[in-house]
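Novice: Turn these sequences into a full structure, and let the hints steer you where they fit.
As you go down the protein sequences, you meet chains A and B in turn.
The first sequence: position 202 = 202 (our numbering), numbered continuously.
The second sequence: position 52 = 52 (our numbering), numbered continuously.
In short, the hints are calculated from the structure, not lab data.
This structure is a prediction, so every number in the text was calculated from the model and none was measured.
Heads up, a few of these hints could be off.
Copies of the same chain are indistinguishable here, so a pair counts whether it falls within one copy or spans any two.
List time: in silico SDA-like cross-link candidates among lysine to any residue, alpha-carbon distance up to 20 Å [stated by the list, open to error]:
| hint | residue 1 | residue 2 |
| --- | --- | --- |
| 1 | 475 | 145 |
| 2 | 415 | 247 |
| 3 | 91 | 434 |
| 4 | 415 | 321 |
| 5 | 475 | 144 |
| 6 | 162 | 219 |
| 7 | 107 | 86 |
| 8 | 43 | 99 |
| 9 | 162 | 138 |
| 10 | 475 | 322 |
| 11 | 43 | 55 |
| 12 | 475 | 146 |
| 13 | 129 | 48 |
| 14 | 107 | 276 |
| 15 | 415 | 47 |
| 16 | 91 | 436 |
| 17 | 43 | 56 |
| 18 | 475 | 396 |
| 19 | 129 | 44 |
Listed below, chain by chain, are the residues.
Number of protein chains: 2
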Amino acid sequence: MDDITAQTGEGRRSRGEGRGAAARRASRSGGGAGPAMPYITRKIAPYEVLDEEGLQIIERNADTILEEIGIEFRDDAEALELWRQAGADVKGQRVHFPKGLCRELLKTAPSVFTQYARNPERSVQIGGKATVFAPNYGSPFVRDLDGNRRYATLEDFRNFVKLSYMAPSVHHSGGTVCEPVDIPVNKRHLDMVYSHIKYSDKPFMGSVTAPERAEDSVAMCKILFGDDFVENNTVLVNLINANSPMVYDETMLGAAKVYARHNQACVISPFILSGAMSPVTVAGTLTQILAEVLAGASFTQLIRPGAPVLFGTFAASISMQSGAPTFGTPEPALVSYGAAQLARRLGLPFRTGGSLCASKVPDAQAAHESANTLNMTLLAGTNFVLHAAGWLEGGLAACYEKFMIDQDQLGMMQKLAQGVDLSESGQAMDAIREVGPGAHYLGCAHTQANFQTAFYRSALADNNSFEQWEVEGRKRIEDRANALCRSWLDSYEAPPLDPAIDEALLAYIAKRKDSMPDAFT
Amino acid sequence: MDDITAQTGEGRRSRGEGRGAAARRASRSGGGAGPAMPYITRKIAPYEVLDEEGLQIIERNADTILEEIGIEFRDDAEALELWRQAGADVKGQRVHFPKGLCRELLKTAPSVFTQYARNPERSVQIGGKATVFAPNYGSPFVRDLDGNRRYATLEDFRNFVKLSYMAPSVHHSGGTVCEPVDIPVNKRHLDMVYSHIKYSDKPFMGSVTAPERAEDSVAMCKILFGDDFVENNTVLVNLINANSPMVYDETMLGAAKVYARHNQACVISPFILSGAMSPVTVAGTLTQILAEVLAGASFTQLIRPGAPVLFGTFAASISMQSGAPTFGTPEPALVSYGAAQLARRLGLPFRTGGSLCASKVPDAQAAHESANTLNMTLLAGTNFVLHAAGWLEGGLAACYEKFMIDQDQLGMMQKLAQGVDLSESGQAMDAIREVGPGAHYLGCAHTQANFQTAFYRSALADNNSFEQWEVEGRKRIEDRANALCRSWLDSYEAPPLDPAIDEALLAYIAKRKDSMPDAFT
Numbered sequence: 001m002d003d004i005t006a007q008t009g010e011g012r013r014s015r016g017e018g019r020g021a022a023a024r025r026a027s028r029s030g031g032g033a034g035p036a037m038p039y040i041t042r043k044i045a046p047y048e049v050l051d052e053e054g055l056q057i058i059e060r061n062a063d064t065i066l067e068e069i070g071i072e073f074r075d076d077a078e079a080l081e082l083w084r085q086a087g088a089d090v091k092g093q094r095v096h097f098p099k100g101l102c103r104e105l106l107k108t109a110p111s112v113f114t115q116y117a118r119n120p121e122r123s124v125q126i127g128g129k130a131t132v133f134a135p136n137y138g139s140p141f142v143r144d145l146d147g148n149r150r151y152a153t154l155e156d157f158r159n160f161v162k163l164s165y166m167a168p169s170v171h172h173s174g175g176t177v178c179e180p181v182d183i184p185v186n187k188r189h190l191d192m193v194y195s196h197i198k199y200s201d202k203p204f205m206g207s208v209t210a211p212e213r214a215e216d217s218v219a220m221c222k223i224l225f226g227d228d229f230v231e232n233n234t235v236l237v238n239l240i241n242a243n244s245p246m247v248y249d250e251t252m253l254g255a256a257k258v259y260a261r262h263n264q265a266c267v268i269s270p271f272i273l274s275g276a277m278s279p280v281t282v283a284g285t286l287t288q289i290l291a292e293v294l295a296g297a298s299f300t301q302l303i304r305p306g307a308p309v310l311f312g313t314f315a316a317s318i319s320m321q322s323g324a325p326t327f328g329t330p331e332p333a334l335v336s337y338g339a340a341q342l343a344r345r346l347g348l349p350f351r352t353g354g355s356l357c358a359s360k361v362p363d364a365q366a367a368h369e370s371a372n373t374l375n376m377t378l379l380a381g382t383n384f385v386l387h388a389a390g391w392l393e394g395g396l397a398a399c400y401e402k403f404m405i406d407q408d409q410l411g412m413m414q415k416l417a418q419g420v421d422l423s424e425s426g427q428a429m430d431a432i433r434e435v436g437p438g439a440h441y442l443g444c445a446h447t448q449a450n451f452q453t454a455f456y457r458s459a460l461a462d463n464n465s466f467e468q469w470e471v472e473g474r475k476r477i478e479d480r481a482n483a484l485c486r487s488w489l490d491s492y493e494a495p496p497l498d499p500a501i502d503e504a505l506l507a508y509i510a511k512r513k514d515s516m517p518d519a520f521t
Numbered sequence: 001m002d003d004i005t006a007q008t009g010e011g012r013r014s015r016g017e018g019r020g021a022a023a024r025r026a027s028r029s030g031g032g033a034g035p036a037m038p039y040i041t042r043k044i045a046p047y048e049v050l051d052e053e054g055l056q057i058i059e060r061n062a063d064t065i066l067e068e069i070g071i072e073f074r075d076d077a078e079a080l081e082l083w084r085q086a087g088a089d090v091k092g093q094r095v096h097f098p099k100g101l102c103r104e105l106l107k108t109a110p111s112v113f114t115q116y117a118r119n120p121e122r123s124v125q126i127g128g129k130a131t132v133f134a135p136n137y138g139s140p141f142v143r144d145l146d147g148n149r150r151y152a153t154l155e156d157f158r159n160f161v162k163l164s165y166m167a168p169s170v171h172h173s174g175g176t177v178c179e180p181v182d183i184p185v186n187k188r189h190l191d192m193v194y195s196h197i198k199y200s201d202k203p204f205m206g207s208v209t210a211p212e213r214a215e216d217s218v219a220m221c222k223i224l225f226g227d228d229f230v231e232n233n234t235v236l237v238n239l240i241n242a243n244s245p246m247v248y249d250e251t252m253l254g255a256a257k258v259y260a261r262h263n264q265a266c267v268i269s270p271f272i273l274s275g276a277m278s279p280v281t282v283a284g285t286l287t288q289i290l291a292e293v294l295a296g297a298s299f300t301q302l303i304r305p306g307a308p309v310l311f312g313t314f315a316a317s318i319s320m321q322s323g324a325p326t327f328g329t330p331e332p333a334l335v336s337y338g339a340a341q342l343a344r345r346l347g348l349p350f351r352t353g354g355s356l357c358a359s360k361v362p363d364a365q366a367a368h369e370s371a372n373t374l375n376m377t378l379l380a381g382t383n384f385v386l387h388a389a390g391w392l393e394g395g396l397a398a399c400y401e402k403f404m405i406d407q408d409q410l411g412m413m414q415k416l417a418q419g420v421d422l423s424e425s426g427q428a429m430d431a432i433r434e435v436g437p438g439a440h441y442l443g444c445a446h447t448q449a450n451f452q453t454a455f456y457r458s459a460l461a462d463n464n465s466f467e468q469w470e471v472e473g474r475k476r477i478e479d480r481a482n483a484l485c486r487s488w489l490d491s492y493e494a495p496p497l498d499p500a501i502d503e504a505l506l507a508y509i510a511k512r513k514d515s516m517p518d519a520f521t
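Specialist: Now the structure itself:
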């Protein structure tokens, strides 16, 4: 898979040895619901909302935050000591950064890297012109196929892994696709990582809720890919949230240290609800995000120079009436567009967006909010997209029907990213000459030759006449999504997994679980 | 209102005398549902999908179509004679254009103009950095507030005029906001134009279904604005569809001639379902659109040099399985982005987009398709947007609930278009210093000073907790839209209209109706 980075020519660092045993043994293809592209290579330009002057103002202000106000690294003596050694001014838990220190440290971070999947055809490029869609992350609840909203279970978790595996426009298996609340808190990460390995062959994410759970994630990947492969390549991308404003806490620092040490990728993501965790303005929010990312991302390079790290942004606003988070509104879109520009200037891969919404049901509110977020996500030139499918209710619930609707929209974005074909066939002058004024193109040779691939085909949109739609039962899109979801889950087939690896993973999990009491909080 | 064009400095031609009597007499403000901006002045850049090479390929190919294939001007001897005199090669009804002829003729067309409203505060700029949202156009059916789909009536027409009048983010009253099917075909234009004048004070559109109906539209505007004002200023914008591929028919040419002669604006719009009326490719479709617009728009300049004309594009695809039109898919988005670029290069104001969808109900399909179209419409830098609110079912039905949902989204676009505030307050460094690591911004001075205007506030999105949403009856957004729509219509108050003008208009309509038999087809 080295050609993933080679073909873009954008990688700063070279890859390690060839791919692991599991990857070599893995099956060639797995998506049950259509042909898959491993990731999007965008042929369209990113959309930008800040000019050079605006970017410089924000960068200068972020430097001021880093130097004058500082960032707190809480309850982690090792982190503070590392910063001291690097030349920062540490006062208590507050780290003040001399101008340019973070940027200097970040020079060792790759601008493009490959995250390997056990099926090499599913490995993804992260950075450059690549966009990778990953599903919903972190929901304790699900909205199930019977319309119930209830706590999520491990069965739900497996189902969402299966659906992401089958969705041709979901490139990544994600991480906590929902919280398997029926499994003890201290053990569920083992079942989650195993489910990603067992039920999918797409790349996935590790646990970040405690350093030892991060170690377990790495250990299981070593069983799958081999020890050396993991230490020299990236097989996990991991979500490290800043505790905005301007704080990194012990838990996130602990997980970040584990992953960086093992050469695994961290997505350093300020989690921002503007008005609460950041100023109520776009420029102020961008400034704080940049300062937080500069501190957190450069920290990974203190741990291991060259470890992959992403510039992450989770941007939402709050209702200034109720304090509730709001999604799909214009201000967070401007924040994300701007953050993408700042990330490109830093030379880091960028994460934002997804299909975010506050709605409790997959209605037009959910869709408008999701579509506003998703269109921005693609046009901003985002490299890694969490929450791309299934997110409902401000992330509190993973919704099966919405997953299906979202993955259809992801397919549209995949097509949009291909841009305008200006080949001779794309120009279609022969067709225009053949048809001429007043005739139609339906039967002409060019149409016949190209119609199969000409237009994105939605499996969920109803484009029939009103009368036909009535005859078919006046179904709304969520009804069609429900039926399609059931049929996918019915027809799911697991990608083959080497039985020896499977056995070793199960043995590891059993041993680890035996070593712990059950904890539910 | 001359400052509308003066302040942008982009107008090519000077305005006529001051505004008309009715406009001067009209009330200062009318929107009942919130403060209105007369139109959007975009502070964000347009998004572009074609580079210089691509644009030149398409322009060269369009010139080839114009010269070699030609465009048909059907059943209009006057049009053909005008083209002959202008130097075109006319064979039968087919007009072949020497290279550069159309572009030369278009040099007299303004790149920016003002469409005057009877309330001068509602006059809109069309072209340049302005974006004007107008409602749905042309639906024979409505989906009413009781959930019935039925033929539209004049009462529905009036209701949509009232709703557009009240919606702060709908800048224009539109034209055939629905077809008042209960009024004879040959008379309904009189009731439509009157309804726009009577129930709104925003700018509106004239009838294009027959030359004499266009003359009636102009005559009624003369009663409203005064004869001289109408002849020297633009008070009507009118939709002239090409009969794609490469045909203009008698009806549309007849209406275009009337409006251009009276200095009123024509939106020359190829109506394209790619795969049927144009090639199945984006570049081929763009080429044909450009050729059609060049021919149609330059024709208006043959009629009256300097008459305002827009580069219009209605882009959709068809399902290659059923032939049904599809909306909100990636390919028409690419077409519209590209067409906007071509229009800017021609120096013509651009029309496309709206809130298009194929869904039969205002569900997530409707919303995704509409949002995809609308985000593109704004980012393309579109100047005049038909179908911005209320469009359902491929345009066959005007939907009250969707109108309300759409107008909320238009408000979001209006905010997005303001871009990033980089003022000192926008930078918010004082707030960041005041709050510091680990605290929150809710109560800080900067937040208190700015929260009223910081974020777009949706009146329809539910951002509450799941529990609160349950207590409030588990409402979907269309339920909330239904209630809001009823409350708007209940609280509607007509803007004052000079009784003498009202009387004169009613007398004109009565006299005209008396002169015609009822026609229902």
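Novice: All hints, please: hold or fail.
Specialist: Verification of the supplied hints:
Proximity of residue 475 and residue 145 under a CA criterion of 20 Å is satisfied in both settings, with 15 Å inside one chain copy and 19 Å between copies. When the C-alpha separation of residue 415 and residue 247 is checked against a cutoff of 20 Å, the pair qualifies neither within a copy, at 39 Å, nor between copies, at 31 Å. Taking identical chains as interchangeable, the C-alpha atoms of residue 91 and residue 434 lie at most 20 Å apart only when they sit on different chains, with a minimum of 18 Å there against 77 Å within one chain. Proximity of residue 415 and residue 321 under a CA criterion of 20 Å is satisfied inter-copy only: 19 Å between copies versus 39 Å inside one chain copy.
Taking the shortest Cα distances, residue 475 and residue 144 sit within 20 Å of each other both inside one copy (18 Å) and across copies (18 Å). Taking the shortest Cα distances, residue 162 and residue 219 never come within 20 Å of each other, neither inside one copy (23 Å) nor across copies (65 Å). Taking the shortest Cα distances, residue 107 and residue 86 sit within 20 Å of each other inside one copy (14 Å), while across copies they are farther apart (64 Å). For the identical chains of this complex, residue 43 and residue 99 are neighbours neither inside a copy (36 Å) nor across copies (32 Å), given an alpha-carbon limit of 20 Å.
For the homomeric pair residue 162 and residue 138, the shortest alpha-carbon distance inside one copy (17 Å) is at most 20 Å, but the shortest distance between copies (45 Å) is not. Only between protomers do residue 475 and residue 322 lie at most 20 Å apart by alpha-carbon distance; the minimum there is 18 Å, versus 35 Å within a single protomer. Proximity of residue 43 and residue 55 under a CA criterion of 20 Å is satisfied inter-copy only: 16 Å between copies versus 24 Å inside one chain copy. Proximity of residue 475 to residue 146 under the C-alpha cut-off of 20 Å is found in both arrangements, the shortest distances being 16 Å within a copy and 18 Å between copies.
Proximity of residue 129 to residue 48 under the C-alpha cut-off of 20 Å is found in both arrangements, the shortest distances being 15 Å within a copy and 17 Å between copies. Taking identical chains as interchangeable, the C-alpha atoms of residue 107 and residue 276 are never at most 20 Å apart, the minima being 32 Å within one chain and 53 Å between chains. Taking the closest pair of Cα atoms, residue 415 and residue 47 come within 20 Å of each other both inside a single copy (17 Å) and across two copies (17 Å). Proximity of residue 91 to residue 436 under the C-alpha cut-off of 20 Å is restricted to the inter-copy arrangement: shortest distance 14 Å between copies versus 77 Å within a copy.
Taking the closest pair of Cα atoms, residue 43 and residue 56 come within 20 Å of each other only across two copies (19 Å); inside a single copy the shortest separation is 27 Å, beyond that limit. Within a single copy, residue 475 and residue 396 get their C-alpha atoms only as close as 27 Å, which misses the 20 Å cut-off; across copies the closest is 18 Å, which meets it. In this assembly of identical chains, the alpha carbons of residue 129 and residue 44 lie at most 20 Å apart only when taken from the same copy (9 Å versus 23 Å across copies).
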